[in-house]
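Quick mapping for you: the protein sequence lines, in order, are chains P and B. Residue numbers 61 to 433, in the numbering used here, belong to the letters of the first sequence in order. Residue numbers 1297 to 1570, in the numbering used here, belong to the letters of the second sequence in order.
These are calculated hints, taken from the structure and not from any lab test. A hint or two may mislead.
Claimed, not checked - Listed below are the simulated DSBU-like cross-link pairs for lysine-lysine, each with C-alpha atoms no more than 35 Å apart in a straight line: (1) B:K1386 x P:K186; (2) B:K1386 x P:K215; (3) P:K169 x B:K1460; (4) B:K1482 x P:K163; (5) P:K288 x P:K215; (6) P:K239 x P:K166; (7) B:K1482 x P:K186; (8) B:K1482 x P:K271; (9) P:K232 x P:K375; (10) B:K1386 x P:K324; (11) B:K1386 x B:K1460; (12) B:K1482 x P:K127; (13) P:K232 x P:K215; (14) P:K232 x P:K288; (15) P:K271 x P:K288; (16) P:K311 x P:K288; (17) P:K404 x P:K271; (18) P:K232 x B:K1386; (19) B:K1460 x P:K163; (20) P:K166 x B:K1386; (21) P:K239 x B:K1482; (22) P:K169 x B:K1482; (23) P:K324 x B:K1460; (24) P:K375 x P:K311.
To be verified - Here are some chain B residues pointing at chain P (derived, C-beta under 10 Å): (25) F1376; (26) R1403; (27) E1422; (28) H1463; (29) L1465; (30) A1469; (31) E1470; (32) D1471; (33) L1472; (34) S1476; (35) Q1478; (36) P1486; (37) V1489; (38) D1517; (39) N1534.
If you're wondering where the values come from, they're calculated on a predicted model, not measured in any experiment. Even glycine gets a Cβ: it sits at the ideal position worked out from N, Cα and C.
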Amino acid sequence: MSKELIRLRDLTMEFDGERILDGINLYFNDHEFLTLLGPSGCGKTTTLRIIGGFLTPTSGTVTFDGKVINDVPPYQRQINTVFQRYALFPHLDVYDNIAFGLKVAKLPKDEIDRRVHEMLEIVSLKGYENRRIDNLSGGQQQRVAIARALVNQPKVLLLDEPLAALDLRLRKDMQNELKRIQQATGITFIYVTHDQEEALSMSDTVVVMDKGRIQQIGRPEDIYNEPKNAFVADFIGESNILDGTMLSDYKVRFFGRNFDCVDKGFAPNEPVDVVIRPEDIDIVPPLEGHLVGTVTSVTFKGLNYDIIVDFRGFKWLIQTTDFHGVGTTIGIRLNPEDIHIMHKSEYSGMFGDYSSYSAEYDELTEDAGDEEE
Amino acid sequence: MKKNNALLLSTPYIVFMVIFTLIPLGVVAYYALTDPATGAFTLENVKNLGMYMPVLWQSILYSLVSAFICLLLGYPVAYFIAHQSATAQKILYMLVMLPMCMSFLLRTLAWVGLLQDTGIINDILETIGIGRLQLIRTPAAVVLGMVYNYLPYMILPLYSTIVKIDHRLIEAAEDLGCNSVQVFSKVVLPLSVPGILSGITMVFVPAVSTFYISQKLGGTDTVLIGDVIERQFKQGNNPNLGAALSLVLMLLVFVCTGIMNRFGADDEEGGVIA
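The shape of chain P in the complex, shown without the other chains:
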């Protein structure tokens, strides 16, 4: 792949004795779209602010193009930021907001003019030059914020939950727009979000964070298909996570039954977490099933039904396009590639049981509105 641009080495950050970042090691390649993904308070925004120069890490180094930039102030970094809720200058119109960085850099007037108009075209805001900021919609403000940062042709663009304040429809449009702009300009994007779907659909690389530590780094497909621990499995998509024992390579035992799987490299009889994605489970008549359970709740989701099935007191989430009413007894079959094995971690036992299914959904919607400081 392309060359390394930024590297974070053993980064820690403490506020008032509280550890916000705990040994972050991470590198960013040129032209890459990398997303820092995690729940509120996981340290993703802090990481971004350190890269932007707004915070100085308690220990560790930030290198940019091979040089340590810990003490370089923000205005001397070849990095621009799209701030949470935009932070547009209310005393300037659209044109002057976008031209701000170029004017500070004292570029010739005709070049400023050319680049601002170019940028207005890219973000589809032609004709809005003289609009006041407070006369713009959220989506338009968002695009001004992106234009204001991009017009400086930075090496790296930092985006701090830039779409969080937009409604769902607009958010989808802007996701495509951002991806398109990133590919057209080749600028490295470092994107912070708590929205896993956004992270998966836009990024080249996803970094999953929690409690100030990196939980997993990988391509979106890898993160989804091969989660490293129960936290990642639960945070990215839906997962049933069960206790199991790895008997030998390609053999796992859970729910009192042996299954074939595609994982290897575990110690014999090592206790493991078994992840089964709700959409991978095949429903079959009870007699043909590996396991037999009873449906306890059904939720219509549009594309599919979310059904909760009780297997010996452990509740699974299964997604199916066929309707199975509450009280129905069903069987399920698991193919080897549907079963994913993870080492035990500090997160084991915390996630993956759908006994309190509805409550968990409520929590997720609450979280979505949160803003991380």
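With chain P held as given, fit chain B onto it using these hints.
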């Protein structure tokens, strides 16, 4: 229903305003436009104002200079307070207000005690060998009195404007290449304009009509329009001329605040008065 309740509750003040402000204003206008002896309508009083124009200009000049000095002194203070912790902000705010808890007359008299020829400052100057200086009865003393008395009126609106400036705007400016001087000149100062305008207004308006400060700290050449008006009513025994002068002064204040509001109209946020 809600609207009616609000009207009902504000009735006492409205009645008060009519009896003690609007009607007296009418009386002032009546005096200004009538002859002292006959009580007949005349423009004589207004025509006679010409001779007081130099005094009026002097008042405007002194007040503007004072407002400007207040701005220079007050802005850093307001900026400093706005960037302290919440508790420190409250304490500092109180400290700025503190002089206003003392009588205005007393504060001005205290300066007389300090500045007069046999006052404390001159005593000290003599002791250290510089000798006594003419401090009181100078234009500088009048401006000093104005600045001292009205500085809080500058600091408070400035503070309330600066404290509301979103810190992320400052970060955004840094992000876009501004060093700290540029952050100030391109973002903080423009966003402080509403506070600056209302601060200037709040210093200028009371300063331009004051008479006590100039009487106590000024000399014969620092007579202000407020002094002239007071004299017409008390010694000159020509309330009609005094009323005419008052009207002109009021008009001036209206024009000034009007101009200020016009400048500030674009930036509706912040500021104590609008």
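Checked hints:
no.: 1; hint: B:K1386 x P:K186; in the structure: violated, 46 Å
no.: 2; hint: B:K1386 x P:K215; in the structure: violated, 43 Å
no.: 3; hint: P:K169 x B:K1460; in the structure: holds, 33 Å
no.: 4; hint: B:K1482 x P:K163; in the structure: holds, 10 Å
no.: 5; hint: P:K288 x P:K215; in the structure: holds, 31 Å
no.: 6; hint: P:K239 x P:K166; in the structure: holds, 30 Å
no.: 7; hint: B:K1482 x P:K186; in the structure: holds, 25 Å
no.: 8; hint: B:K1482 x P:K271; in the structure: violated, 38 Å
no.: 9; hint: P:K232 x P:K375; in the structure: holds, 33 Å
no.: 10; hint: B:K1386 x P:K324; in the structure: violated, 64 Å
no.: 11; hint: B:K1386 x B:K1460; in the structure: holds, 15 Å
no.: 12; hint: B:K1482 x P:K127; in the structure: holds, 30 Å
no.: 13; hint: P:K232 x P:K215; in the structure: holds, 25 Å
no.: 14; hint: P:K232 x P:K288; in the structure: holds, 28 Å
no.: 15; hint: P:K271 x P:K288; in the structure: holds, 16 Å
no.: 16; hint: P:K311 x P:K288; in the structure: holds, 19 Å
no.: 17; hint: P:K404 x P:K271; in the structure: holds, 17 Å
no.: 18; hint: P:K232 x B:K1386; in the structure: violated, 45 Å
no.: 19; hint: B:K1460 x P:K163; in the structure: holds, 26 Å
no.: 20; hint: P:K166 x B:K1386; in the structure: violated, 41 Å
no.: 21; hint: P:K239 x B:K1482; in the structure: holds, 32 Å
no.: 22; hint: P:K169 x B:K1482; in the structure: holds, 18 Å
no.: 23; hint: P:K324 x B:K1460; in the structure: violated, 59 Å
no.: 24; hint: P:K375 x P:K311; in the structure: holds, 23 Å
no.: 25; hint: F1376; in the structure: violated, 22 Å
no.: 26; hint: R1403; in the structure: violated, 37 Å
no.: 27; hint: E1422; in the structure: violated, 52 Å
no.: 28; hint: H1463; in the structure: holds, 9 Å
no.: 29; hint: L1465; in the structure: holds, 5 Å
no.: 30; hint: A1469; in the structure: holds, 8 Å
no.: 31; hint: E1470; in the structure: holds, 4 Å
no.: 32; hint: D1471; in the structure: holds, 5 Å
no.: 33; hint: L1472; in the structure: holds, 4 Å
no.: 34; hint: S1476; in the structure: holds, 9 Å
no.: 35; hint: Q1478; in the structure: holds, 6 Å
no.: 36; hint: P1486; in the structure: holds, 5 Å
no.: 37; hint: V1489; in the structure: holds, 8 Å
no.: 38; hint: D1517; in the structure: violated, 43 Å
no.: 39; hint: N1534; in the structure: violated, 50 Å
This entry does not satisfy hints 1, 2, 8, 10, 18, 20, 23, 25, 26, 27, 38, 39, going by the numbered hints stated previously.
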